[in-house]
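Visitor: Take the given structure of chain W and dock chain E to it, following the hints.
Listed in order, the protein sequences are those of chains W and E.
Start counting the first sequence at 1; every next residue gets the next number (UniProt numbering).
Start counting the second sequence at 1; every next residue gets the next number (UniProt numbering).
Keep in mind that the hints were calculated from the coordinates and are not lab data.
Given the structure is predicted, the values throughout are model-derived calculations rather than measurements.
Worth double-checking, as some hints may not be accurate.
One copy or two, either will do: identical chains are not told apart, so a pair holds if it fits within one copy or between any two.
Unchecked claim - Computed list of lysine to aspartate or glutamate pairs in EDC-like fashion (alpha-carbon distance at most 16 Å, straight line):
1. Lys144 - Asp167
2. Lys26 - Glu92
3. Lys135 - Asp112
4. Lys173 - Asp143
5. Lys158 - Asp143
6. Lys228 - Glu214
7. Lys228 - Asp164
Protein chains: 2
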Amino acid sequence: MTCFWGIGIGPGDSELLTLKAVRIIKSLQVLYVPKAHNDNFSFAEKIAAPYFSDNLIIKRRHFPMVNNFSDKQNSWNTIAAEIIDDVHLNQEVGFLTLGDPSVYSTYSYIADLLKKRITVKTVAGISSFSEIAAKLSIPLVLDKEFLEIIPGNADLIKLKQAVDFNDNLIIMKISTNFSKIYHLLQERNLLAKTIIVENAAMQNQSIKTMAQYECDAQLPYFSTAFIKKG
Amino acid sequence: MTCFWGIGIGPGDSELLTLKAVRIIKSLQVLYVPKAHNDNFSFAEKIAAPYFSDNLIIKRRHFPMVNNFSDKQNSWNTIAAEIIDDVHLNQEVGFLTLGDPSVYSTYSYIADLLKKRITVKTVAGISSFSEIAAKLSIPLVLDKEFLEIIPGNADLIKLKQAVDFNDNLIIMKISTNFSKIYHLLQERNLLAKTIIVENAAMQNQSIKTMAQYECDAQLPYFSTAFIKKG
Numbered sequence: 001m002t003c004f005w006g007i008g009i010g011p012g013d014s015e016l017l018t019l020k021a022v023r024i025i026k027s028l029q030v031l032y033v034p035k036a037h038n039d040n041f042s043f044a045e046k047i048a049a050p051y052f053s054d055n056l057i058i059k060r061r062h063f064p065m066v067n068n069f070s071d072k073q074n075s076w077n078t079i080a081a082e083i084i085d086d087v088h089l090n091q092e093v094g095f096l097t098l099g100d101p102s103v104y105s106t107y108s109y110i111a112d113l114l115k116k117r118i119t120v121k122t123v124a125g126i127s128s129f130s131e132i133a134a135k136l137s138i139p140l141v142l143d144k145e146f147l148e149i150i151p152g153n154a155d156l157i158k159l160k161q162a163v164d165f166n167d168n169l170i171i172m173k174i175s176t177n178f179s180k181i182y183h184l185l186q187e188r189n190l191l192a193k194t195i196i197v198e199n200a201a202m203q204n205q206s207i208k209t210m211a212q213y214e215c216d217a218q219l220p221y222f223s224t225a226f227i228k229k230g
Numbered sequence: 001m002t003c004f005w006g007i008g009i010g011p012g013d014s015e016l017l018t019l020k021a022v023r024i025i026k027s028l029q030v031l032y033v034p035k036a037h038n039d040n041f042s043f044a045e046k047i048a049a050p051y052f053s054d055n056l057i058i059k060r061r062h063f064p065m066v067n068n069f070s071d072k073q074n075s076w077n078t079i080a081a082e083i084i085d086d087v088h089l090n091q092e093v094g095f096l097t098l099g100d101p102s103v104y105s106t107y108s109y110i111a112d113l114l115k116k117r118i119t120v121k122t123v124a125g126i127s128s129f130s131e132i133a134a135k136l137s138i139p140l141v142l143d144k145e146f147l148e149i150i151p152g153n154a155d156l157i158k159l160k161q162a163v164d165f166n167d168n169l170i171i172m173k174i175s176t177n178f179s180k181i182y183h184l185l186q187e188r189n190l191l192a193k194t195i196i197v198e199n200a201a202m203q204n205q206s207i208k209t210m211a212q213y214e215c216d217a218q219l220p221y222f223s224t225a226f227i228k229k230g
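If we strip away everything but chain W, and leave its shape as in the complex, we get (with noise of 0.2 Å):
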């Protein structure tokens, strides 16, 4: 019996994928990625290509970003239809993520619609956040403290408990509400405790901390931000 494979490749780095991963990803018929906008390949075709068979037929679909929950919906329906019909004819088909599978990803609503048809395994990979950690060889979190993980785009009232509460913070995605983080932060004393990773191990990668930035800057799409209070 095949299935469906959810692979973590990690934040960026085709080193930082596991041996699980990349026995999986070899041992592929069919892999779905998504498009890039440009038609180029995707960040994560890139980081995976090291690994691909011959013969791996890879499928690049559209999986919309839009804020609109139904329209994204429909693609999925669309893709799990395609990735079922796959399965079914005996093939090993897999998915990629950056960085963990577990976290804030596009896969947890694929393999919701899948699980109740096809048998689906996911394999973990590396987040951002441990590379980030990594790279700067400081602690996520030690002894009795607490760490606390956000998207970029939660509730600013929540967002400001969370950060009065815990020692450590990660935020990701944090361009998508930069500037109100940034005056958050501000207004705490914490922009000198805040390190912000641009394209974690990805090779334009920039490590600043957030008082190097204006309040209203640009950041790319992977932009996470490690608050340390300790």
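Guide: Relative to chain W, chain E alone:
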């Protein structure tokens, strides 16, 4: 110039190391590992053993698991001095950590002692909570949700606040405070929504809901709780 490498080896499966971790382990001349209680190989050593070069020198050192911080610090200082000597002898020196070196790891203390004297580099690893979510093919965190990571030995009042505030929570090493946390989650009617994974990714892994435990159950050291309210 050689350096000191802190290497995350994932939660317990030799296939869950990254390619980078494997490459670095293979390149080491000296490897420090925690000495197991019974003088057998430690967990970490077993997981990484397939990647040891033939002439690797393994230094098994005792890392005390006591509550007295200064006792621990004395041991760390001794080990750090030894590591500095090895690196000054132009050897590539490594240290293995289970899971991700940035998440509640003794490695962070050692790295901190070494940083002023020698170059320290860290390789990220798959954390137990990423592996748990992958194993179950369920998201740790999605959309606008928050994820809190907490140590089992956290102060109970702070733990209560975190449970009430968050959509998803991971409690690491829950065995240290199992019955108190059990009663808290029982009060909140969350026992059935809490998944306990003992020994994630190890051969003796067990996955149950907290409702399947007695309140005074004795759990293994590597036990993680994943509370998912949604």
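Visitor: What are the numbers of the hints the structure violates, in ascending order?
Guide: 6
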